[in-house]
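Per the working numbering: the sequence shown = residues 258 to 556.
In case anyone wonders, no lab produced these hints; they're calculated from the structure. Each hint should be verified, as a subset may be incorrect.
What follows is a set of in silico ranges between Cβ atoms, one per label pair, in the way DEER data are often shown [unchecked claim]:
#, residue 1, residue 2, range
1, Glu-485, Lys-352, 41 to 47 Å
2, Lys-291, Pro-516, 29 to 35 Å
3, Asn-499, Ala-553, 20 to 26 Å
4, Pro-484, Thr-296, 26 to 32 Å
5, Asn-554, Glu-364, 39 to 45 Å
6, Asn-554, Gly-500, 41 to 47 Å
7, Lys-291, Gln-409, 37 to 43 Å
8, Lys-339, Ser-473, 28 to 34 Å
9, Gln-345, Thr-470, 38 to 44 Å
10, Asn-517, Asn-315, 27 to 33 Å
In the BS3-like style, the derived pairs of lysine-lysine whose C-alpha atoms are separated by at most 27 Å in a straight line are [said to hold, decoys possible]:
#, residue 1, residue 2
11, Lys-539, Lys-514
12, Lys-307, Lys-379
13, Lys-501, Lys-348
14, Lys-460, Lys-411
15, Lys-463, Lys-447
16, Lys-340, Lys-514
17, Lys-348, Lys-379
18, Lys-514, Lys-463
19, Lys-338, Lys-447
20, Lys-339, Lys-411
21, Lys-486, Lys-463
22, Lys-339, Lys-460
Given the structure is predicted, the values throughout are model-derived calculations rather than measurements. We put the CB at the ideal spot given by N, CA and C, even for glycine.
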Amino acid sequence: MKRKLSLTICLLLVFIFSKAQVDILKDKIEKILKDKNATVGVSIVANNYKDTLNINGNEHFPMQSVYKFPIALAVLSEIDKKKFVLNQKIKIPKKDLLPGTWSPIREDFPNGTTLTIAEIIKYTISQSDNNGCDILLRLIGGTNAVDDFLVQNKFSDISVKATEEEAHKEWSIQYQNWATPISLNNLLMKSYDLTKNKILSQKSYKFIWKVMTETSTGTKRLKGQLPEKTIVAHKTGTSGTNGKNVIAATNDIGIIKLPNGEPIFISILVSDSIENQETNEKIISDIAKITWDYYANKK
Numbered sequence: 258m259k260r261k262l263s264l265t266i267c268l269l270l271v272f273i274f275s276k277a278q279v280d281i282l283k284d285k286i287e288k289i290l291k292d293k294n295a296t297v298g299v300s301i302v303a304n305n306y307k308d309t310l311n312i313n314g315n316e317h318f319p320m321q322s323v324y325k326f327p328i329a330l331a332v333l334s335e336i337d338k339k340k341f342v343l344n345q346k347i348k349i350p351k352k353d354l355l356p357g358t359w360s361p362i363r364e365d366f367p368n369g370t371t372l373t374i375a376e377i378i379k380y381t382i383s384q385s386d387n388n389g390c391d392i393l394l395r396l397i398g399g400t401n402a403v404d405d406f407l408v409q410n411k412f413s414d415i416s417v418k419a420t421e422e423e424a425h426k427e428w429s430i431q432y433q434n435w436a437t438p439i440s441l442n443n444l445l446m447k448s449y450d451l452t453k454n455k456i457l458s459q460k461s462y463k464f465i466w467k468v469m470t471e472t473s474t475g476t477k478r479l480k481g482q483l484p485e486k487t488i489v490a491h492k493t494g495t496s497g498t499n500g501k502n503v504i505a506a507t508n509d510i511g512i513i514k515l516p517n518g519e520p521i522f523i524s525i526l527v528s529d530s531i532e533n534q535e536t537n538e539k540i541i542s543d544i545a546k547i548t549w550d551y552y553a554n555k556k
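Between the sequences and the hints, there should be enough to build the whole structure, so can you do that?
Printed below as a string of structure tokens:
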């Protein structure tokens, strides 16, 4: 009995010490945010899942292109069910390569082309192609199919309602594609660790994380101040600016690998900001840097 009591006390002391240390990190992050004219959501899980830190963690933030991550997961889930295969070829006519939107596919193939599903996912995630995103949505049955996938996997705080084409028509529509920082971090964790609530096959898991480590957008965000060879698998999201100089979304979510191989799951969403884009991106890189420093140097 005494032995069990001693163990309980030890575990309680470890928890209290860990929470106190996380509170120190949280205070540092809040100092970064205190004078910023933006709403910022942060969710961090680290130290082998033992440490959790949230700021505005349950608030709704517009995802912008971050929503391409759950869309890609929904497509891969359908592949795991044998409804499609990664090397399946999809014909992309010129009419589907809409102008006036970010689209490396259109730049590479202005008259249309045929790509595999794997190639379209790579364009959509690694290069954040908007036309590629809508091609994937049409393939699996639209935004309802993504919402169904999320609900089936018990994600109630991620909403995918509008295609890229729809979201480009009116400023307010982007807010229909929203998520909480906590829910996005949970999605990262559950699609990363196959021992925890597996939602992907081993093959799909390896594919999506390789694609996310090849992301070329947002180099000044999560990766901005980290050591050069740090492995970061991430997905960015960026809005335009409205007539009142408000930037609706500057986002980056992902997994940062520490030198010892441990992951840091981190989701940072900057919304309704009247700061410039450089400042918004620095908010993200500053938070990532102090989080990296804390865990990389932790004894």
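Results of checking the hints against the structure:
Glu-485 and Lys-352 have their C-beta atoms about 42 Å apart, which keeps the hinted 41 to 47 Å range intact. Between Lys-291 and Pro-516 the C-beta distance comes to about 31 Å, which sits within the given range of 29 to 35 Å. A C-beta distance of roughly 39 Å is found between Asn-499 and Ala-553, which places it outside the suggested range of 20 to 26 Å. Against the hinted window of 26 to 32 Å, the Cβ-Cβ separation of Pro-484 and Thr-296 comes to about 30 Å, which satisfies the hint.
Our hint of 39 to 45 Å for Asn-554 and Glu-364 holds, since their Cβ atoms are close to 42 Å apart. Separation of Asn-554 from Gly-500 is about 45 Å and conforms to the stated range, judged on CB atoms against 41 to 47 Å. Judged by the Cβ atoms, the range 37 to 43 Å given for Lys-291 and Gln-409 holds: they are separated by roughly 40 Å. Against the hinted window of 28 to 34 Å, the Cβ-Cβ separation of Lys-339 and Ser-473 comes to about 31 Å, which satisfies the hint.
Between Gln-345 and Thr-470 the beta carbon distance is about 24 Å. The supplied range of 38 to 44 Å is therefore violated. Evaluation of the 27 to 33 Å hint for Asn-517 and Asn-315 yields a pass: the beta carbon distance comes to about 31 Å. The straight-line distance between the Cα atoms of Lys-539 and Lys-514 is roughly 20 Å, inside the 27 Å bound, and the hint therefore holds. A hinted pair counts as satisfied when its Cα atoms are at most 27 Å apart, and Lys-307 with Lys-379 does not qualify at roughly 32 Å.
Distance restraint check for Lys-501 and Lys-348: the Cα-Cα separation of roughly 41 Å exceeds the 27 Å cut-off, and the hinted pair is therefore not satisfied. A hinted pair counts as satisfied when its Cα atoms are at most 27 Å apart, and Lys-460 with Lys-411 qualifies at roughly 22 Å. Among the hinted pairs, Lys-463 with Lys-447 is consistent with the structure: their alpha-carbon atoms are about 14 Å apart, no more than 27 Å. Restraint check: the Cα-Cα separation between Lys-340 and Lys-514 comes to about 33 Å, which exceeds 27 Å; the hinted pair is violated.
About 16 Å separates the Cα atoms of Lys-348 and Lys-379, which keeps this hinted pair within 27 Å; it holds. With a C-alpha separation of about 15 Å, the suggested pairing of Lys-514 with Lys-463 holds against the 27 Å cut-off. Simply put, Lys-338 and Lys-447 have alpha-carbon atoms about 18 Å apart, close enough for the 27 Å limit, and the pair holds. Note on Lys-339 and Lys-411: the hinted pairing holds, with a Cα-Cα distance of about 22 Å set against a maximum of 27 Å.
Note on Lys-486 and Lys-463: the hinted pairing holds, with a Cα-Cα distance of about 20 Å set against a maximum of 27 Å. Distance restraint check for Lys-339 and Lys-460: the Cα-Cα separation of roughly 13 Å lies within the 27 Å cut-off, and the hinted pair is therefore satisfied.
Hints 3, 9, 12, 13, 16, counting from the list given before, are not met by this structure.
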